[in-house]
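With the sequences and hints as input, model every part of the structure.
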Amino acid sequence: MKQHPSTSRRSISRRHMLAGTAAGLAVLGAPAILRAQAREIFVGGPASPGLQDVLFPVIEKKHNLKILFEGTNSLINLEKLRSNKAKPTMTVTMMDDPVLILTEREKLIRRLTPAAVPNLADVIATAKPRDAMWVNWCQPMCSFSHNTKALPNGLASYGEAWDKRFKDRIIMISMRITQAIVPLVAAAAHATGKPIGDAAMKEWPAGIERLKELRPNILQVSTNVPQAQQLLETGECDLLMSPDSRSTLFRKSQGAPVDQGYPKEGVVAMPAGVALVEGGPNQELGLIFINELLNPETQALISRTFFSRPTHAKAVLPQGLTFPELIVLDWEYFADNRNAMIERYERDLAAK
Amino acid sequence: MSLSAGLAEAVSEARVDPDYLRIEKVSKRFGSTTVLSDLDLAVGRGEFVSLLGPSGCGKTTLLRIVAGMLAPERGQVAVGGRNLTRVQTHRRNIGVVFQNYALFPHLTVAENIAFGLRAQRLPAALIGERVKEALAMVRLEDFADRRILALSGGQQQRVAVARATVVKPALLLLDEPFSSLDRKLRETMQIELRHLLRDLDITSIFVTHDQDEALVMSDRIAVMNAGRIEHLDTPARVYARPNSLFVMEFVGQSTRLGGTAAGGEHGSMAIDTGQGRLRAPGSFMAGSAVVLGIRPEAIELGEGPGDAFNTVRARLRDIVFFGARTMLYFEPANPADRILVDLARLPGGLAPGATVTLRWPVAETLVFPAP
Amino acid sequence: MIATPATPAAAPTKERRPFDPKALIVLPGIAYMALVFLIPVLRLVGDSLRGAEGFSLSGYDRVLGDPYYVQVILNSLQLGLVTTLGTLLLGYPAAMALSRAKGQWQVLLVALIFLPLTVSIIVKTFGLTIMMRRDGIVNWLLVNLYVIDRPIRLVFTEFALYFGMINVFLPLMILPLYSVMRMIDPRLGEAAASLGAGPARTFFRVTLPLTAPGIVAGVSLVFSIAVAAYVTPGLLIGDRFMTMSQVMAKAYLNLRDFQLGASMAMIMLAIALIVIFLATYLARMGVARDPPR
Chain A
1 MKQHPSTSRR SISRRHMLAG TAAGLAVLGA PAILRAQARE IFVGGPASPG LQDVLFPVIE
61 KKHNLKILFE GTNSLINLEK LRSNKAKPTM TVTMMDDPVL ILTEREKLIR RLTPAAVPNL
121 ADVIATAKPR DAMWVNWCQP MCSFSHNTKA LPNGLASYGE AWDKRFKDRI IMISMRITQA
181 IVPLVAAAAH ATGKPIGDAA MKEWPAGIER LKELRPNILQ VSTNVPQAQQ LLETGECDLL
241 MSPDSRSTLF RKSQGAPVDQ GYPKEGVVAM PAGVALVEGG PNQELGLIFI NELLNPETQA
301 LISRTFFSRP THAKAVLPQG LTFPELIVLD WEYFADNRNA MIERYERDLA AK
Chain B
1 MSLSAGLAEA VSEARVDPDY LRIEKVSKRF GSTTVLSDLD LAVGRGEFVS LLGPSGCGKT
61 TLLRIVAGML APERGQVAVG GRNLTRVQTH RRNIGVVFQN YALFPHLTVA ENIAFGLRAQ
121 RLPAALIGER VKEALAMVRL EDFADRRILA LSGGQQQRVA VARATVVKPA LLLLDEPFSS
181 LDRKLRETMQ IELRHLLRDL DITSIFVTHD QDEALVMSDR IAVMNAGRIE HLDTPARVYA
241 RPNSLFVMEF VGQSTRLGGT AAGGEHGSMA IDTGQGRLRA PGSFMAGSAV VLGIRPEAIE
301 LGEGPGDAFN TVRARLRDIV FFGARTMLYF EPANPADRIL VDLARLPGGL APGATVTLRW
361 PVAETLVFPA P
Chain C
1 MIATPATPAA APTKERRPFD PKALIVLPGI AYMALVFLIP VLRLVGDSLR GAEGFSLSGY
61 DRVLGDPYYV QVILNSLQLG LVTTLGTLLL GYPAAMALSR AKGQWQVLLV ALIFLPLTVS
121 IIVKTFGLTI MMRRDGIVNW LLVNLYVIDR PIRLVFTEFA LYFGMINVFL PLMILPLYSV
181 MRMIDPRLGE AAASLGAGPA RTFFRVTLPL TAPGIVAGVS LVFSIAVAAY VTPGLLIGDR
241 FMTMSQVMAK AYLNLRDFQL GASMAMIMLA IALIVIFLAT YLARMGVARD PPR
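Chains as they are written, first to last, in the working numbering: chain A, 1 to 352; chain B, 1 to 371; chain C, 1 to 293.
No wet-lab data here; the hints were simulated from the structure.
Given the structure is predicted, the values throughout are model-derived calculations rather than measurements.
Glycine residues also receive a C-beta, built at the ideal position from the N, C-alpha and C atoms.
Take every hint as true, because none was put in to throw you off.
Computed from the model, here is a short list of chain C residues facing chain A with C-beta under 7 Å:
id, residue
1, 68
2, 153
3, 156
4, 235
5, 255
In structure tokens, the structure reads:
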């Protein structure tokens, strides 16, 4: 068998990801019995399609590696790193930046250097946060997703979402999911007149107030993205705010009537990071893995597979895929204020 | 009150109102099976009538139709002149004692008995009084607060009778209420129940497949077969003068001899059997196949005066001792036949293998068409 | 009278019975429950009392002193109670029919009621969401039955929530009811009728008290699972109707506030226990005995 045993649940666990924490907790610490031997690395990351079926086989073949992968959500991944700090079982961890900031603070990851990861030199500056404590292996774009039958041209501005014609036609994504910051920042920008970016993000309470005015239009604040995606595709709602291009453009490529919005206020770069675990097994192989993720050829594959902007400056964009200028946010600020945002979101927006 | 005095009283009352329960032309089918066909039955006030028959004869179906738990396809049921055919069970005022008693397991003895009184919305004080009387009547005063499951089978049966009678039903139906009691207890309870119902003057229909039970308890017995009443009469007459071969075979035991009518006159005829030519009252066309029946206690040992008796010789096969009586089994010439003799006292020296002469009065020879 | 006077059997006395070694068969079950239930619950109690500076009741204070969380508790209670009541009202007659059905009918009915249990709750709930859409079968039915003029929003409404919850939990109500009802002698109803009791009296004085153990079991089972339900409400109504389970998940997974999560969990456990004991008590005291009129 080629895969790590616990990954056989991959396709289901994507659905379970938000719904069933039990499944996630059940795999906590399970690999502790497996020790690194031969050319094996242990990777923890999101349970999203494209990694194990497309990307990893290419890397495994190229470097004669075996990648043992555990797909789960970032916070469970973090919990695993924490509980195994004394004897790390993971070589590499793939997470969103707001969670990677926490791993840095708890000294769970090791800084990357151009010496160990040669491709790092050509990675764009915004993709090497905190002096290359970790690196963004791609930047999915995030704005909103719309049903193309109802809205063939999407929205020209986020502000149009407040229009009465969208009564009960918008699904927001719960602040428990990182992407939800985008509509909040957009609302804050709308309320304060500041452009979308860190300054607007720091005005997020004003954004909450603005979003309160959106409530008649909000069908749901959803913690279940696959369900929300399905309701968008079937026309039960017109706008989903906001999955990123990884799911929207993937579904579009599959023929679903959805598309990524490009509002005039701008599109935000989501941070897909990868880091080397401090003291993890087979670290040299882990560095090879990270370097390979940043290799321009692999970056093109990543861009094609994940519908995301490559972070290596010299990567060639696949045909038919273009990216606007992406706004990069201060994920540390977000990480530190996220709990407060979750509380406000739930109390002021979600409840009926 | 003695049993015979009670009987006489009941019979006289039944004469006053002989159609108290009137079942007319009742028919019932289950799917394609006809269970009852055009059945008529009249029961007098205060009478105790048994429905006796083998399982599947329709007796329980008839009981359920009277109770209103089943609706007949045709015909009607009336009690005291009131047509009940379309009346729901709970408005009929007909008590039922079920085979398994169907006592309410979540209620105490007293609560079970009070159930029907409460349904009648009687004042609480009156209910208490009536329950107390009923408990005394079945001698369960000390068990009032017991749970049903803490009672023996006999006690449960008494509760069931008390519960069904305390509401003073217009008619009481009893569906094999003794079948789950052991023999000794059953015999005691039969007589006890008989007295109780007599004292309460309740008209009762009693379903049973046990002929002894029917004979002991009933004013009249309705022997049922295949959805019809074959014979309705007093126990004594049903036994002594069954009006069909089925009734003779079902009620009590008998000697049975197959034969062919050989002609006769003046209400007496000759029949050729495996035991030779015999005589019987009645008249059948010469050559018709008949069956003779003789109750075992009508037969005696030894020859009798020629004219009034039939005489046969047969070899004794077995002697079975029953205490008060002794039953002798003989070997008939025709293996389909059966010869039984019931003696109060066994003569000395009689042993299996002996060939004996038997006699019985011609007048006690029953004759039926062969089936 | 002929028969011998009956004497009451000796009243049951509280004598100590010798220990029966067969009772030891409960040990594996107790050991298992201690391992997977008792120890985690004790740890939860500990977590709920441990603040940043050691022992503190602030977890409970933050839940019970916050109108938002009180509303969340009320939501969970409402969810549990409506689901329980709905499944009871629908499940009771269904269980009755099931216990009276014979032969092939019974096989068919049992299959209809219990086969849905074999479908994953996630699949079932996703299916329910599809049914609730504007182009779903529920709207189609309502429009074609002239209940509504045009399709209305049903997704993420309380209607959808209870429709789905009752659908998911109905078999759990029917099962204990059915197992009690099939043991009840059908002659008891006939006996009550022969004593002059109409259908209503028979139901309230005979059928209901006798099925009370099944009602208690079904109510306890459905309520305690429904009040803690996570997946089904999450998919059917989501954050519009926050429940205690949602808050616990948020506290543990997102806020990493174990004291909040554990306090909420202990409050939920207390509520479930209270309802179960209440149901048992009511069944014992209320309907089990035939009260004076």
